[in-house]
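Novice: Residue-level listing of the chains:
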Amino acid sequence: MTETLTTPTPLGSPPPREVLLEVRNLKTHFKVLDGIVPAVDGVSFSLKRGETLGIVGESGSGKSVTALTIMRLLDIPPAEILDGEIWFDGREILSIPIDEMRKIRGNDMAMIFQEPLTSLNPVFTIGDQIAEQVELHLRVRKKEAWARAVEALKLVGIPSPDRRAKQYPHEMSGGMRQRVMIAMALSCEPKLLIADEPTTALDVTIQAQILELLKTIQDRTDSALLLITHDLGVVAEMVNDVIVMYAGQVVEQGTVDEVLLEPHAPYTMGLIESIPTVEKRGGRLSVISGVVPSPFNLPPACRFEPRCPYRWDLCRRVPPELYKAGGPGQLARCHLHSPEGESRRQAALDKHRENMTVGRLFGKGS
Amino acid sequence: MAEELRVAAETTVADLDRRAEEAGADYEVGLESLSQWQLAWRKFRKHRLALVGSVILGSFVVVALIGPIIAPFEFLNVPEPDQIVYAGRGPSLAHPFGETGGLQRDVLTLVINGARTSLFIGFSSMAIGVFIGTIVGSIAGYVGGFVDNLLMRVVDVMLSLPILFVILVFARFFGNGRGSPLLIVVIFGVFSWMGISRLVRSLFLSIREREFVEAAKAVGVRDRRIIFRHILPNAFSPIVVSASLIVAANIIGEAFISFLGFGVDPTSPTWGNILSSALTFIPVGNWWWPFFPGLAIILVVLAVNFIGDGLRDALDPRSRA
Amino acid sequence: MTKYVVRRISQAIPVLIGITIVVYLILALAPGGPTARFAQNPRMTNEAKEAFKKAWGLDQPWPIQYCRWMGICNPNASNVAVADGFLLDHIPHPGSFVGPTGWPNFLPNFISGSSNGVLHGDFGFSIATGEHVVTRIGRAAVPTLILAGFALVIWITIAILIGVFAAIKRYSFFDQAATVFAYVGFAMPTFWLGIMLIFAFSGPGLGILPAGGITETRLFPAFGTDAYWAAFGRNPIGALLDIGKHLILPVFTLVVVNIAGDSRFVRASMLEALNQDYVRTAKAKGLPGRVVTFKHALRNAMLPVLTNIGLEIPFLFTGAIVTETIFSWPGMGNLTIQATRDFDYPVLMGVLLIAATVTVLANLLADVAYAFVDPRIKY
Chain A
1 MTETLTTPTP LGSPPPREVL LEVRNLKTHF KVLDGIVPAV DGVSFSLKRG ETLGIVGESG
61 SGKSVTALTI MRLLDIPPAE ILDGEIWFDG REILSIPIDE MRKIRGNDMA MIFQEPLTSL
121 NPVFTIGDQI AEQVELHLRV RKKEAWARAV EALKLVGIPS PDRRAKQYPH EMSGGMRQRV
181 MIAMALSCEP KLLIADEPTT ALDVTIQAQI LELLKTIQDR TDSALLLITH DLGVVAEMVN
241 DVIVMYAGQV VEQGTVDEVL LEPHAPYTMG LIESIPTVEK RGGRLSVISG VVPSPFNLPP
301 ACRFEPRCPY RWDLCRRVPP ELYKAGGPGQ LARCHLHSPE GESRRQAALD KHRENMTVGR
361 LFGKGS
Chain B
1 MAEELRVAAE TTVADLDRRA EEAGADYEVG LESLSQWQLA WRKFRKHRLA LVGSVILGSF
61 VVVALIGPII APFEFLNVPE PDQIVYAGRG PSLAHPFGET GGLQRDVLTL VINGARTSLF
121 IGFSSMAIGV FIGTIVGSIA GYVGGFVDNL LMRVVDVMLS LPILFVILVF ARFFGNGRGS
181 PLLIVVIFGV FSWMGISRLV RSLFLSIRER EFVEAAKAVG VRDRRIIFRH ILPNAFSPIV
241 VSASLIVAAN IIGEAFISFL GFGVDPTSPT WGNILSSALT FIPVGNWWWP FFPGLAIILV
301 VLAVNFIGDG LRDALDPRSR A
Chain C
1 MTKYVVRRIS QAIPVLIGIT IVVYLILALA PGGPTARFAQ NPRMTNEAKE AFKKAWGLDQ
61 PWPIQYCRWM GICNPNASNV AVADGFLLDH IPHPGSFVGP TGWPNFLPNF ISGSSNGVLH
121 GDFGFSIATG EHVVTRIGRA AVPTLILAGF ALVIWITIAI LIGVFAAIKR YSFFDQAATV
181 FAYVGFAMPT FWLGIMLIFA FSGPGLGILP AGGITETRLF PAFGTDAYWA AFGRNPIGAL
241 LDIGKHLILP VFTLVVVNIA GDSRFVRASM LEALNQDYVR TAKAKGLPGR VVTFKHALRN
301 AMLPVLTNIG LEIPFLFTGA IVTETIFSWP GMGNLTIQAT RDFDYPVLMG VLLIAATVTV
361 LANLLADVAY AFVDPRIKY
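For the record, the sequence lines run as chains A, B and C. Mapping of the first sequence onto the working numbering: residues 1 to 366, in sequence order. Mapping of the second sequence onto the working numbering: residues 1 to 321, in sequence order. Mapping of the third sequence onto the working numbering: residues 1 to 379, in sequence order.
If we strip away everything but chain A, and leave its shape as in the complex, we get (with noise of 0.2 Å):
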């Protein structure tokens, strides 16, 4: 209802050709005892075919479960999807029946986790493990699936590919494991692949081995990436476009250029600053103040507002849209972008840029 989305698509039709993966104004709450939990609440996005999107947040931002969410993966108690529409390959996927569903997954889209020892089946080979998803949705022989697995581990760089098929998942170390995960992920050529905090669990240079793998691959194959994470130097080499996602909620898009040299929104400029740079040496480290909301008491209305160096009264009465602000592409969810915060807008960015820059260099306080 503002100046917020750049070409607004009427909900119930199909995004344009070039668009893979549309998500609409997805709200996907937990039930438990406690209460609700309104872990993704009203995220939407886009990812063109054969591009990448970057969806970065800290734990509990609901990066996650909006990956989940696409793939149809949450237990429906205590999970319930509110509203929304995801729109995959010119289909709505929320609304068809989860027979349909499997036969997407693994297939035209496949997901690969964050932790790989444990997401591997430990009593079946990893040959097989690969296998079976082959044989399920192409459809051929054991033979020619097992063919196909080898193949796939060649793909992903694993030397010796045919031993290998034939070893456990414990064998194997963990950069290793990764690459069958990512292997077991490709081998049926999908157009969508959701990466979810691929690295995290792995070495800093077994790290950049598998980034760089995912890189080559995604050119070889053309598939589009969905790469969740919380790493902001994992998304600026990965990634075209980003997203940033705090408590529920997107505050920030754009492109990663726009994101992480201009952010607009406050918690992206908080996490920006707090990155520890050459220019910043001598001084104090840049924290956010305060903690992530709990989720069952999140603030009324602007859901950063506890801890941004920028509010103002409004900022507690009206929660923001997302608003046009800096690039082309980019939106930031601030009250800073809204007609009403223009003329604090200007000292906003000046800050952050002066952060950045001048930093706490002798050692005084801001």
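Keep in mind the hints are simulated off the structure, nothing from the lab. Don't take each hint at face value.
Examples of chain C residues toward chain A, derived with CB under 7 Å [unchecked claim]:
id, residue
1, Asp277
2, Thr281
3, Ala284
4, Lys285
5, His296
6, Arg299
7, Asn300
8, Arg341
9, Ala366
10, Tyr370
11, Pro375
12, Arg376
Only pairs whose alpha carbons sit at most 30 Å apart, straight line, appear in this in silico DSSO-like list of lysine-lysine [claimed, not checked]:
id, chain 1, residue 1, chain 2, residue 2
13, A, Lys324, A, Lys27
14, A, Lys191, C, Lys295
15, A, Lys31, C, Lys3
16, A, Lys166, C, Lys3
17, C, Lys169, A, Lys103
18, A, Lys154, A, Lys143
19, C, Lys169, B, Lys46
20, C, Lys169, A, Lys27
21, B, Lys46, A, Lys31
22, A, Lys143, A, Lys103
This one's a predicted model, so the numbers in the text were calculated from it and none came from an experiment. Where a beta carbon is used, it is the ideal one built from N, C-alpha and C, also for glycine.
Could you slot chains B and C onto chain A? The hints should help.
Specialist: Coordinates of chains B and C only, in the frame set by chain A:
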């Protein structure tokens, strides 16, 4: 000056704001932290089954303690000859649990008297077993090496024997069917410690290596203090849970050997030997005679199991309050 | 794998040796001794008791008795006359450590020529009946094997079925009913259940199932005798049905407690497996629900369950003691009770030794089977 106010956990920030505004004051929020025991008690209270179990067990204990006073009859009472019905009589108003065959005793009285002995045997033997087990396990776990190996071999051998069988043999040979409850307690106690010793030992082994013990040692805390303040409290929970299982097992075990005639002397009734005397009267059909003592056993064992479950949940530091 | 098996076996051997010593000690040092059966008998004079002891070699110091019992020493050395297995005279020394062929006595018969003692399969003679202990045990073993065999199969099958479905349909009515059943069944003393069942089905009430025994004595001769087998041959179906009828109540009694305990364990194991990440991965791959549950989760859930069952098998023995007593089943449990009543040491030692050995072997088998089935075990 500052005033301290306690509020419920569900109070929202908005509420606090409002109250502060009304009072015209400012406020600071702090968290009250409960000790481990207070937390455990709270969790236990919420566990419905455990509470039910406690009530049941509590009633049995009360009955056991004051029972013979309130029992309707003297259990050794022998009725008038013309009153005797060979098969006994079923449950009636005067005899809620019925009367036995043969000597025509009131079953309720028997069950009440039996409660005393059976519960006594169950709990005392558990105490002995836990005591021996903790000591053996601590030595094995803490000293390690050859001593540990030796002790664990002994445990292995003892666990390979069919325990009930051995207890049976011992009960027969030492007691010859006229055993005193104390003898039975000792015999059961001597055969109940193995599981606990393994538990304690493994706790010692795992905790010995854990970081907070390293930290304590680094600060210079002495060995003995380490054991008592750091290691044993962690052992408390699994030992308590094991202990509850042991009580249940021993109550059934005692009933078992008394039932076979090798346990406690029939002049002091236990639920087991009541069942034993009922056995010969099966063809006559007086089902109430073995039924009620058996029911008592089931209830007590259930109660103990429930309490054990509740304790396990309550004492687990990771479960929520 | 063979290395692992060999290692486990070599660990088991000292335990087995320990068991023989402990078994012997338990019974040798128990008060009363074999003459306790005469304790009440005023006509047994002290000389008669001494002669009895002498005849059975019971006046030797216990290490020597142990040695003889095991078959490490051979009392039938020179200067000893033997008639019908009874020692007429003896020398106050252990006998020879060397067998008739010159090889050490404890080696198998075909090497040492010796045939006495446990190591050669000779468990001595029953004090109560005078037969070879092995004969008595052997005769009692068959009914127990029948009982335990049926019980084992039924117990495992039902426990797994109940546990798995309770886990799949968690919190459903079936699950809650199964939980109640598990708690109550576990708290129930087996013998009480047996008695109640007899009252219900064989007593003056329904009277449809027999109250005891393994065969209907009016129809068939005593089980195990030659006459029985002859009758069996003439009417196999009838005989089998007869045994079957007698099996129902004892087996039921024996399995209820085990099913109650195990079904909870199976349920817990299955629930844990269903909560694992790899189940989520399997779903993410688009596998149908059945495959996810029964291929991915179940396989993992069964690992601890099978080990648990393996470890519980020896407890069938204890359960058998009770059940056989109540139902007058002529098996090893019954034999144990009789021997305990009669202070029949050789029989008790034999049974105890066999039971303990079976336990050790069952544990061994459970370990090896687990290592075989779980690829994560490094051996």
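Novice: If a hint holds in the structure, say so; if it doesn't, say that too.
Specialist: Verification of the hints:
1. Asp277: Check passed: Cβ of Asp277 of chain C comes within 4 Å of chain A, closer than 7 Å.
2. Thr281: holds (5 Å)
3. Ala284: holds (5 Å)
4. Lys285: holds (4 Å)
5. His296: Since chain A brings a Cβ to about 5 Å from His296 of chain C, closer than 7 Å, the hint holds.
6. Arg299: holds (5 Å)
7. Asn300: holds (6 Å)
8. Arg341: Violated, because the Cβ-Cβ distance from Arg341 of chain C to chain A comes to roughly 50 Å (cut-off 7 Å).
9. Ala366: violated (18 Å)
10. Tyr370: violated (12 Å)
11. Pro375: holds (5 Å)
12. Arg376: With Cβ-Cβ at 5 Å, under 7 Å, it holds.
13. A:Lys324 <-> A:Lys27: holds (22 Å)
14. A:Lys191 <-> C:Lys295: Judged against 30 Å, a Cα distance of about 28 Å means the pair holds.
15. A:Lys31 <-> C:Lys3: Violated, at about 53 Å.
16. A:Lys166 <-> C:Lys3: holds (23 Å)
17. C:Lys169 <-> A:Lys103: holds (25 Å)
18. A:Lys154 <-> A:Lys143: holds (17 Å)
19. C:Lys169 <-> B:Lys46: Cα-Cα ~25 Å, so holds.
20. C:Lys169 <-> A:Lys27: holds (28 Å)
21. B:Lys46 <-> A:Lys31: Measuring from Cα to Cα gives roughly 21 Å; hence the hint holds.
22. A:Lys143 <-> A:Lys103: Holds - the C-alpha atoms of Lys103 of chain A and Lys143 of chain A are around 22 Å apart, at most 30 Å.
When each numbered hint is compared with the structure, violations occur for hints 8, 9, 10, 15.
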